[in-house]
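Enquirer: Given next are the chains, with one letter for each unit.
2 protein chains.
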Amino acid sequence: MTKDFSSKKINSYLKEKKRLIDQGLDKYVPKASAYPQAIHKAMRYSLFSGGKRLRPILTIAAGGIGNGKRPALLPAACAIELIHTFSLIHDDLPSLDDDDFRRGKPSCHRAFGEDIAILAGDALLVLGFGLLGESERMGRGFLKPGILIREMAGAIGTCGMIGGQVVDLESQKKKIGARGLKYINEKKTAALITGALRIGGIIGQVPPRELTALTNFGKAMGVSFQIVDDMLDQKKDNRKKSMSKVKQNRPLADSLSPLSINSSIIKELTLKAESFLKPLGERGEVLKAINKAMVCRVK
Amino acid sequence: MTKDFSSKKINSYLKEKKRLIDQGLDKYVPKASAYPQAIHKAMRYSLFSGGKRLRPILTIAAGGIGNGKRPALLPAACAIELIHTFSLIHDDLPSLDDDDFRRGKPSCHRAFGEDIAILAGDALLVLGFGLLGESERMGRGFLKPGILIREMAGAIGTCGMIGGQVVDLESQKKKIGARGLKYINEKKTAALITGALRIGGIIGQVPPRELTALTNFGKAMGVSFQIVDDMLDQKKDNRKKSMSKVKQNRPLADSLSPLSINSSIIKELTLKAESFLKPLGERGEVLKAINKAMVCRVK
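Chains as they are written, first to last, in our numbering: chain A, 20 to 318; chain B, 20 to 318.
Just so you know, these hints were derived from the structure itself, not from any lab.
Fair warning: there could be bad hints in the mix.
Same chains, same names: a pair is fine if it fits in one copy or spans any two.
Within a straight-line C-alpha distance of at most 25 Å, the following computed DSS-like cross-link-like pairs (lysine-lysine) qualify [what the hints assert, rightly or not]:
(1) K88 / K163
(2) K311 / K297
(3) K60 / K297
(4) K60 / K192
(5) K286 / K201
(6) K307 / K201
(7) K27 / K71
(8) K60 / K194
(9) K124 / K50
(10) K37 / K307
(11) K60 / K193
(12) K201 / K50
(13) K192 / K50
Bound conformation, chain A alone:
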């Protein structure tokens, strides 16, 4: 990694890693023709629907801070994308966010029915953990047993992502303050992003000080990523159409995204996230560039 990580270079980095991850996912997920077909079709439909692969790219990038050549890195990165996709499918369900569309296509339950969508989400979660188990097998000797599994379970459990989803659901029924909003951003979005970075760092065997840097960067990046997402939602002309039905009915929707597009706030958040990368020196440049590329979406 050189210090100069131009926008052209980061785009080609993101493209290359996305290709690698897509290949891995195709290998690790049963073919659509495998029995019982309905669920494998649904899993693949949601998995290959145009995701940016941000989280698994972060895992690979964080692995590169240390020893990025570990064979355990790709299955772990793919596991994270499987688990991210599980969360999107369940989030879209009628009793949760009730979203008919995801990335411009009918959401999983609209395409395959609610029953198969629930089970497809479950199956992606199970497969994700299974793949982390596979990753631990490959990391034999240098990984503490169960460490990746416990990292992931912590990141997405009731004190992580799922906890954030619960509070987000509650916010649709009652007023939540700035503290509640902070909790949602930190848990619903930042917890898995932080987990993705930490898992990469652990596999790359970075020292504790650098793992702390990755953790702090993940939290800051995750929160700003969510805020940018909220701004983009607000920016869309056809907001009502693009928003989930539940969010439309939210009496206090605006209290959940109190920021209108504000480039000074974005700049502040970007700089804050970057500041945590200092201990990594030049090796942190790739993460800085990924962070910028994600924030640039709003400009």
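Start from chain A and add chain B according to the hints.
Expert: Okay, now just chain B, sitting in the frame of chain A:
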């Protein structure tokens, strides 16, 4: 273990292990007062609703075939019960079996809403895997990294329990033959029972020959357990009331449980399952007794 495993003795064994597992579950699952409370309440509601703890007891019993004093055994057993409970909550959902009651109490979604029930199922699955990761930590040195996780993911994934659920759902919409019925019984029910036994055996470090015996016993026991369940369903006077709404509407419900109560079939299935325990000698008596106790439900 002695050869003579009387009915009194097995009842006290089951009671003692259930107590141990309940204590473990209470310790490993966040308190109902922990934030966000809604999900922890829902998880505990379904978890402590009077389950027999059959699967985790099998894990402990299978561990006892080898070195049953391993500290990794209890967290693994509890993980299996968490994952079993996840499957029940999701199975009961309106778009799946649409069951308003479970063990005589309102099912999770009836008590807490569909949104929280879906997330509570997800969270139990995540916590179960996290606890298996904890178990692997405790088994450091004698467990192959990731082995418990991969066993579990295989048992409950699309080639195991979830696959069985998918085919069961499909059977409600179209005719399935004896092969489809066999698939459902083997996957939806027997896969997790087999996984529970294998995970216990692996932690107890039983030799490969004995692990094969546990696997074959698990498959046979799991299938007979499901058949007995179906017979019990048929036996109930208030069948319509006790059956899920979806199953009531099943055009081919009877093709799914083609056996009326038939004690000679039950005897045959019990003997078949027992036959696989021969390589374990006297150490297999406890599993034989558990199998009999479960089958006795129908008499």
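Enquirer: Of the numbered hints stated previously, which ones are contradicted by the structure, given in increasing order?
Expert: Going through the list in order, the structure violates hint 3 alone and respects the others.
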